Every structure is written in structure tokens, then in C-alpha cells.
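Once you've looked at the hints, dock chains B, C and D against the given chain A.
The primary structure of each chain is shown beneath.
Protein chains: 4
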Amino acid sequence: MEPINLFDFERLAQKRLPDMTLGYYQSGARDELTLRSNREAYERVALHYRVLVDVSRRDTRTTVLGTPIALPVLVAPTAFHRLAHPDGELATARAAGRAGTIMILSTLSTTDMEAVVAAATGPVWFQLYVYKDREATRSLVQRAEAAGCEALVLTVDAPILGTRERVVRNRFHLPPGLSVRNLSGAGLDEVREAKLDSGLAAYVAERLDPSLTWADLDWLASITRLPLVVKGIVRPDDAVRAVAHGARGVVVSNHGGRQLDTAPATLDVLPAITEAVAGEAELFLDGGIRRGTDVIKALALGARAVLVGRPILWGLAVDGADGAAEIIDLLRREIDEAMALCGCPTVAAITPDLVGR
Amino acid sequence: MEPINLFDFERLAQKRLPDMTLGYYQSGARDELTLRSNREAYERVALHYRVLVDVSRRDTRTTVLGTPIALPVLVAPTAFHRLAHPDGELATARAAGRAGTIMILSTLSTTDMEAVVAAATGPVWFQLYVYKDREATRSLVQRAEAAGCEALVLTVDAPILGTRERVVRNRFHLPPGLSVRNLSGAGLDEVREAKLDSGLAAYVAERLDPSLTWADLDWLASITRLPLVVKGIVRPDDAVRAVAHGARGVVVSNHGGRQLDTAPATLDVLPAITEAVAGEAELFLDGGIRRGTDVIKALALGARAVLVGRPILWGLAVDGADGAAEIIDLLRREIDEAMALCGCPTVAAITPDLVGR
Amino acid sequence: MEPINLFDFERLAQKRLPDMTLGYYQSGARDELTLRSNREAYERVALHYRVLVDVSRRDTRTTVLGTPIALPVLVAPTAFHRLAHPDGELATARAAGRAGTIMILSTLSTTDMEAVVAAATGPVWFQLYVYKDREATRSLVQRAEAAGCEALVLTVDAPILGTRERVVRNRFHLPPGLSVRNLSGAGLDEVREAKLDSGLAAYVAERLDPSLTWADLDWLASITRLPLVVKGIVRPDDAVRAVAHGARGVVVSNHGGRQLDTAPATLDVLPAITEAVAGEAELFLDGGIRRGTDVIKALALGARAVLVGRPILWGLAVDGADGAAEIIDLLRREIDEAMALCGCPTVAAITPDLVGR
Amino acid sequence: MEPINLFDFERLAQKRLPDMTLGYYQSGARDELTLRSNREAYERVALHYRVLVDVSRRDTRTTVLGTPIALPVLVAPTAFHRLAHPDGELATARAAGRAGTIMILSTLSTTDMEAVVAAATGPVWFQLYVYKDREATRSLVQRAEAAGCEALVLTVDAPILGTRERVVRNRFHLPPGLSVRNLSGAGLDEVREAKLDSGLAAYVAERLDPSLTWADLDWLASITRLPLVVKGIVRPDDAVRAVAHGARGVVVSNHGGRQLDTAPATLDVLPAITEAVAGEAELFLDGGIRRGTDVIKALALGARAVLVGRPILWGLAVDGADGAAEIIDLLRREIDEAMALCGCPTVAAITPDLVGR
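Protein chains in written order, with my numbering: chain A, 1 to 357; chain B, 358 to 714; chain C, 715 to 1071; chain D, 1072 to 1428.
Please keep in mind that the hints were generated in silico from the structure rather than gathered at the bench. Zero decoy hints are in this set.
Under the rule of at most 27 Å between Cα atoms (straight-line distance), these lysine-lysine pairs were calculated in the DSSO-like manner:
| no. | chain 1 | residue 1 | chain 2 | residue 2 |
| --- | --- | --- | --- | --- |
| 1 | A | 195 | A | 132 |
| 2 | A | 15 | B | 552 |
| 3 | B | 552 | B | 489 |
| 4 | C | 846 | C | 909 |
| 5 | D | 1266 | C | 729 |
| 6 | D | 1203 | D | 1266 |
Footprint (simulated), chain A over chain D, 3 or more residues, beta carbon under 8 Å:
| no. | segment |
| --- | --- |
| 7 | 1072 to 1083 |
| 8 | 1115 to 1127 |
Every value quoted in this text rests on a predicted model; they were computed, and no experiment measured them. Cβ coordinates follow ideal geometry from the N, Cα and C atoms, glycine included.
Looking at chain A on its own, in the form it has when it is part of the complex:
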């Protein structure tokens, strides 16, 4: 089977990946209701397309925080790419660059950030977890700046790790040879097998800082010149607070349904957040994006761009950098098709009237 959509890639990846990896990538928290709901939210929204607009030339390009990208899709930060493919984050960086978009590199990378940025042919943003060890955290920020990352994306929905039961049953841990490379200097790089639990949950509980508050966002702003993006928000009041504390961007996200089960679907909360933020920051959205029309809906409801996570991993698993690039390119072609069929020659033409009265 030649894969022709993102679901095909998942099916192919399912045949190639070991159970522990697959369980880690696919699972959501607890009963996986938010995981499912993220996806179903797109199916409940109809696209009221326009006709007789000249769509002979479509332009999927846009900018995020001033950076031009080829399509309104970024590579979401996800952990441990070398579980999916030996080339790991290097492959992802190459794929993102080739596809003309930004890779958001996870703190929990299985490759050093410097190597990833060096291999990248496009912009890299750095996703940050704040460690209890604040010096280790400061070091991460300084290295990201030095390496040339162009923004910091602070994850705020994971003071502890949400329980993904499939992962607990699998006793997920990193196999020998893989580790959280960015923290190896600080001695915080091993994700070992835990007793009756996910090794990652133990890692997070032990090392990440659950006491983080809005004041820490100010601290972070004080130690970096990079623009800050806050990721993991589902409430208008939190989005407003993020902006007040200096965030240039907000990612409406529930961590792909992996943290708090029964958190609302991201698309469902986007409109109220769009209204609350009122253009004072750029909004992004992730969770369940699988189709070009999903992207159109997110943009019509106020997102500047979306982030795609798991599908990149399926692409990696199937064919390394080529597979990951094909995922982005498939989305680009689907977005292009949807723009043509919606009567939107440009991203700017994707307006709220497309999704309802």
C-alpha cells in the first residue's frame, strides 16, 4: 500500500514499531476520552466553502512570530525521536527544513540540541520543561539561544505526567543507548524502568518542577532574549494571563490528550480564546490534526498555525526524514486542495465565516 494520507502512515508505522514505542506514541491519558474528542471536534465543524473565487494560484505560506513558513503547520515538540527511527531528531530537523517549516525541538530529545540545530535547514524552536534544578534549566535556555533556536516554547500543562495506562502496563522506559541527551551534562538524562509505572512518569515526578507559576514566566523572560510561547492552555483567562506575562504566542493544547483526561477538545475552546486574546498574541493549536481541512478550521477559528505531533513520528517510523517530510507535504497538498475548494487563494482568506453563520 502506497500511503496517501496520514492515517495510512499510522497503519504502516504500527506494523514497524515495537509495542512499547507504539504504546508510548499512540496513547492518551486514562480512558483516552480527550484523545478521541480532539479528533472528533474537527468532524463536528462544517466548512461553508465559497465558490467562483479565482483559485488558480494558491499560496499556503504564512508567518509565525515574523518567521515565514511554507504552510501553517509546525512540527510539534515530541519526545524521543530515536525510538521511531535511528536518525531521530536529526531526521525530523531535515524534514521540517525541506518542507519549509519550523521544528519545535523537545527538551526530551534523544539527540543533543546543538546537533539538531546544526543539521537543520530551517528554523528551530526549543520546547522547554523547567527542571527543579534551575541551573540546569538556565543552561538549557542558554544553550538553545547559543545554538540558534529562535523561540522558546514553555510547556505548562505537565506539572506532573498524566497517566497513560497503556504506558504504565508497558512499563515504558528508554532502551540502552537512548537518553535525554540535552540533560546528560546535568546527569538528568536517564529514563529507567520504574516499578509498576511508566519510567517517564517517574522521571518527570523526580526532576521537573511542579511548583511553576506565572512568576516563573517572568523569570524566564528575564534570562532570554528569545520570544516566549506558552503551550498547553485551554482557558481564555490563562491565555490572557500568558499575554500579560509577556508571551508572544499561545499554543491551545491539551498535550495531545496525554495529560488530563476529559480536558476539552482544543478546537472547541479555541474560539473563546481567540476572542479573549484579541490579536495580542499569536495563537497556535495542536491535537488531532490529520487533514488539510482540520487546519483550515483551526485557522478560521483564530489559530495562526497548527502543530502536528504524532504523524511526524509515523513518518519517521516509515521512512526517516523522507517519511516525516512526506507527512508535512501531504498536509500541504491537502491544505492547498482545501483552500482551492473553499475559495481561499491565500491563508489570509481563511476567515471565520467558513465555519458557520
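Just chains B, C and D now, kept in the frame of chain A:
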């Protein structure tokens, strides 16, 4: 099994048609959500029937653009009838005439339009795709007029072809001996196997004009004396624009769920369009009509008549012209029954109060 | 299996009845959407029960048109009881009397009405179809009066017979020895096998009068001293008209989902009809009643009593008069239990607040 | 399989318990619609979590009627624990104490209340059924006081026993050696096999008092110094009445879907009751709690704590006191996790904004 409803015909046709043809006819775009939603929309609307009305004589007749028809159902334009039956569009024309209604002949006919109109015993309307080659387009219009077609139906929801994934996997193309006959003079008649794609998608991308705008509707009006109907509208503002640019009729349609997946169900958007157009043009609707009660609902919500596409093809596949005629006649009998049970002796009695408080 | 609810009886009856009979009894019109919807409507309504009411003595008795009955459930008129059991309508009459309620005898009885009334130990109402042959109709009315029927129930939702496709495929007809006994004097008693159709549909088309109007209700009132009940109404305006033309009762009914498919569920339209009729006639409801709580909901929404059709036939099939009586008694015990648990010691205590805010 | 959530425990218990016991514990009334609806109500409510709150220290403690408990979960009163495990109610009492919460002991205990309270290491409340034999009832109250129970929980939704059909088919009864120990002095302790019915339904019909009214709540208050909690309310007006008659607490409950089928889901009616009671009594809720997030939702909508019934029985069945304690501890860990992920370091921080705009 003697077929007693339209679903029976589909089941019978499924046994007779080759996979490539079946895939082409049955499929919708992408995840086929609109395909399903078109149909489900009828199931969500209840008919609040009237009692103790004299329905001893029911009259299913009406007119569309002044032309009398035996029932408020037209044959929708669909492509390539000779895939369904060797008699192809000739059989359909005979069936429509016998059943007392209008056939809308597709540009993508496997038979020359002149032959179809010659074989027809009832009115024929011509569905028009605008080619990049405008002289070829003008020629189509002139030939349609000369042949005796009584209206032009301009399809506006297909600036490019929506991806029907089943068709892509099938590498759909026309077998030897079949071609887009109406374009053979212009050398635009072949639908060849494409690499990793539907041959038809390639044909459309290469040859049809995605730059079409409302101005082209004016151009079209300027080169023909035939009344214009615009097909493929799901928004009230577009319907109003169509009327402003001279359309005498508007077909509320999402191309049978084959173009933009997650476009709204046609029945769901009909009421707002009815209100917007306010009687200044005749409204038609297609997509998922399978029961007499579906027709009643469309009329109660403002449609003058409906178009039926795929079921005609099932009729052709099962029994050529006889099968196609039986499809229309089955619908006529179901409409007649529904009118009797709704307390509507005439089409004019099918009023909005039937579908809700 | 000892049957402990009405569904059990249906399962048992299914094993005993021939396919043609079962198809006739179980089927609904067309896609059976109304059949299903009638039932689902009860599941969508919650009962907000009251506590700490003295329910040590419950009284399920009420009156309908002044006649006392042991529970707010009547036997709905259904055709051809001898298909279910050799004792046919005689068994039903005995069961209704034993259970303390009214039997509504169908025109399409397989037993002469005089014999049924003679066998009955409780009140009998006569359900009337108006024949094209008005003298035959007048004779039915006069015989019903003479036999001692206490009300006439005019069915108004069947100007023609709705198509039940299972019945058409079965070519339903009455076997030798069974006929519409009440019409044997008029020579209108045979329900023969029809070509490609239900024999009953042919019978109805040929013999019943689809020209009936409200004026005929006046005519009917003029030829009888019996109170009139109009059965088959789903619209408030029709209910008001019925009252204006002298109806003492209105049965909110869609003929058990057997006439117009996609007619609304009866429970769904009851509240608006209750409001429109405003106590000027007694309201009844049928369609899908299987549980004591269904009856409570109908009463809370304005019905005086409900009619139960198919389950009586399952009772007959399983055990003749005893089975039919057990059906009513099962319902009585379920109503009694539901009244206790709702804090309603009497039928009068079943008020609208039970079904919502 | 190591059980990691409450559903796992149910699956394990299912393998160990005999059918009659399992049927008794699992079943709901009639079609079990309320049983299912109780659970589904939690799935329809989304948790709009807060971010960047310091949740490094979470505190799941609260108080109910002034009594401190380790988490906002009480052990619901359920009957016949020795059916689940030989240690029966003694094991439950030990488990509740170990987990830091209150056990509500059922009147229908298979162990004498004095023995249960003696074995308990935490507070015990006594659930009361009022017997027709009022002296037996008075004796229960006096013994509960004397034994040291700290509150009385009067069940008001069971004037008769709702029919659980699975239980009727099983002819549920207590096996030799087990009885309603608290009533052995009054000779009311045997739950014998009944003819064609649940033995418990017969027991209840014969012995419990269906004539109970609000006046009896006054009587009860007059004979005890213990605080009264009324259990089984789904209506705001009844909750207000309970408070007016001296109840210090109200349990919003439909008896786990075991009494009136189609009673509303408890979570659905909680908000209106919260509003009506306006802080004048403490509100509790039971029915379908299986996840920590369920507890958060109940608290956000106004409950002070929830009661958990069936899962305790699964815990007992799997591993006696240890299993039951593990059930509570699993819930505590899930509540702790949900509080962290919701940005709620304390129970007081669980406010209505978490469940909607």
C-alpha cells in the same frame, strides 16, 4: 430479489459493476464525512403530516424554469454513463423522457451531446465545466444550444477535483473505447491512467479552469440565450451573488460529498439559502436523496425540485434505460405515497410547516 | 425462560409465529425510522421522582371518556388477531376485560364485532376505517352501536397504506379461512395475495376512502350517538381541528411507525398538542410503549391514557387470552412500581414536573 | 494483570464471584438506562484545567459534617458484603479506616453493626431503612448511636425495591449462613428465595415502610442526637424540603440506577440542587464514580464529597480489606493527579469554572 427501493438497486449494482467503476460512483471525498452527512440530514428532519385532507387525487407534477415535469426530481449530471451500461447516456435520456422529467447531461459524457439530445424524448439541460481553453468552452455552449438543450447548469464547486481516496487507490481512468466525447473535437477527451492519482483528477487539473469568477458567469450569460443555473452552492451569500449575476436557478449541492469533505449537508444549509434568495431564483438540491420523504423535506424547506445522481447509475447498471426509468418511477411512487400521507394533494401544498413547528 | 417483561414476550412470540405474520406485526414503514424513534423518545426523557411521599397504597385507576379503567392503558386497535392465535379477537376481548381495561376493536378484525362484544367482559370501543362504500361504513357504525361499543375511534392517518417493505417482500395476505369478518356482508372481506405488493395495501387502496376530510367527521357525528375519538394526529393544529369538529378524544399516534416513515415520535409532539388542546378533549398516545415508566412519561406530558398494540399480539401468540392479559398485568405492575418510586400514589399525582425542570 | 484502575478491579471480580452475587452487584433497574447514564454524565463534562499554579504540594483532605477525611470520597452503603468476601463488612471497615475515610454501613449488613464499628479504625455512619416495625427501627437507631456511629443516612428512594431484572431471573437470595444481622433480634433477618422474584424485593415489600413521609424525618430527628443525612434525592425541591426538615446533608443519588429506571443521572441534576440548597446543607453524590476526574467534576458542581459503592465490592472480592483499601487509594491517587493537572492544590480550589464557561 426484486428491488423495491433505491437501496436495493445499489446492492444489485454492486454485484455487477467492476471495482474501479463502483469506487468511482460510490466514493466521496477524503473521509466521506459529507457523503454520510448528506444522507443523515434527512433522517434528522421529521415530517409533521396533516390529516383529513382529501388526497384521493395526488398530483406530483411541477415546473422548473417554466418546464413542466412529472415529479419534482431531475436527473443530476453525472459522468461516464457508459461505465454503468453500454447504452450509457442514451439510456439515461430515454429513461428521463419516459419518466417525464429532465436529464441534465454532464460535460463529461461518454456520448456526444447531439446524440443524447436526439435520443431524448424529454428536455435536456447541459451541465457545463469551463475549460482553460475558452474556445472549447464556447463551442460546448453553442453545440448545447444548437442541439436543443434548454438550460445550462454551471458547476462551480470544482475548480479542482476533490480527492476521492478510493478512486486514487484504484487509479481510476477510462477504459479503451470510452472518452469525454463532447471534447473529442478539441482533443480534450482522454482520461488516462495517472501516476499515483485518479486519472480524472489529472484531467481536471490540466484542463478545467480554476480561475473562474463571478465575472465569468456574466461572460457565459453574454454568449448564450439559455437560462443559467449555478450548481454547487452551500452559502446564502453565494446564492445571492448567483442571482445578482443572472442565474435563474441555484443548485444547493456539495457535489454529492465528492469535492470538499466536511462541507455541510445540503439539507442543513437549504433553509438559510431559501430565506436569502427569497424567491428570486428557483432552488434545487442534491446529495443523498433516496426516499420520497427526502424530496418532500427538500421542497418543504424551499427547493423547487431535487436532483438524483448515483441511483440513476445503479438503475443503468441493473437494467439500462429500464432500470434508470424504474429508479425515477420508484421515487415518483414514493413521493406520491408521502404526499398522500402528509395530506398534500399537490406539490404546492408541501409547505414549511411540515418540517417543524 | 419465564417472561418477565414485554420484550421477553416479543422474543417468545418470534419463535412461534410464521415469518409472514411476524413481518406484518413487527414492521414499520420504509426504513423504520419512526418505528425506532417512537421507542427512543421514552429513553430521552428522565423521570425526576419525588421522595418521602406515602406510597403505601397506590391506585392505578383512572377514567377515559367517563369510563373507569383499572390502569391508564387501553388495548390499541390492531388487525387480524387470529393470525396470532386461533382465538383471535375473542381472546383479546376476554384479556382486556379481565385486566380491567377497554379493548379498541379494529375494523380489520378476523372475528365479527358482535361476537367480540358478546365475549367481552369489559367495554369495547370500535376503531373505524371509512370505506369508499359509504353504506358499508354506515352499517359498520350502526352495528358497532347496536353491539354495544361505547365509542368510535376514527383512524385518520391511513388515507392509503404506508409501505412496510418487509410486508411487501413477504407478499402479505390473509391465509384461507381468515378474512375481514366485519365486511363480509358487504363483500369487502378478502385480503388476497397481490402482485409485488402487500395484499393489505391493495385492499386499502381499493376499498378505503382517501378523500376523507374534516367534513366527514361531522357526517360521522351526525350518524351516531357514540363519542368520537380521532386517532393518528401529530400536529397541534390538527388536534384543535378535531376538537372543533366534535372529537371527545384525540389519539396522538403515527400508527406505530407503520404509515409515514420519519413522522415524529409521538412522545415528542405530545407536549405541544397538550398545550393546544388545553383540556378540551382527552388525549391518548400510542407507539412504542413497553415499560411502566413510558406510561408515566406520557401521562406527565398530558396524555390521559396510552394504547398498547403489538405487545398484546405477542401475548396472544404466546398464550392466547392468558398471554394478552399477562401483558396488561405486567404493565400494571410496572406502572404501580414506577408510581411508588416516583412518589405518585395516584394517577392524578403524575404531573409535568416529573419530566423536567 | 496487575489492576491499575477501578475497571480492572471489576474485571477481576467478575472472574471470582458467582453469577448470583455478580448479578446482584452489577445490575441496575429494568433496562439499566440510568445505570449507564450515571456513568456517561461524567464523560459529557469537560475539565477546563488551569495552568501555572504551584501544585508541588497537593492536599486531598476535606471535612464532611465537620469530620476530617483524607479524600472527598466516602464508602457508600451497600448490602451484604460477606457475599463479596468472607470478612465482609469488617474488611470494609478496616479498609475505610486505613484509607482515612468514613464507611457508611448499610442496614442490610451481613455483620452486626456493633462488630463493624468495633473493628473500624475510622468513623462509621449508619445507613437506615425504616421498617414497618417502628420499634425495630428505633432499636436500630439507638444501637447505631450506642455503637458510636457518627451520623444517620436515611435512604428515601426505596419505598419499594426497584426491579433489577437480572436479579429476578437469578432468584437472588442470601445463601445459608448469611442474613441481615442487624435485624436478627427483631426476627427480620432472613432473605429467602422468592417465587419468580428477587428474594430481596420480597423482603423489602414485606418489611420496609413505604408510607414514609417528611414527618418521619422529624420523628427520626426527635429520637436521635446524630446528624441526619437524606440519601436518594434528585430534585431541588426535595433537597430544600430535606434541609427544612433538619437534614444536615443530602446525597444526590438514584441508588446507583437500581431503583427507578430512567431517573436522571446524578451529575446532571447536581447543579440545580446546589443552587437550591445554597450552602444550607452539605451535598454528596453517588452513582458511577470510577475516576479521579469524576470526583473533581462532582465537587466543581457543588458536592462536598462523593460516595463509592460497587468498586468497594470489587476490591473486597479481589482481595478483602486490602482490595477495598486499594480501591480508595487508587481513587486518592487519581484525585491527586487530577488536582495537579487542574491546577488545584487543595479541595477548596476545585471551583465551578473548571466545568465550563
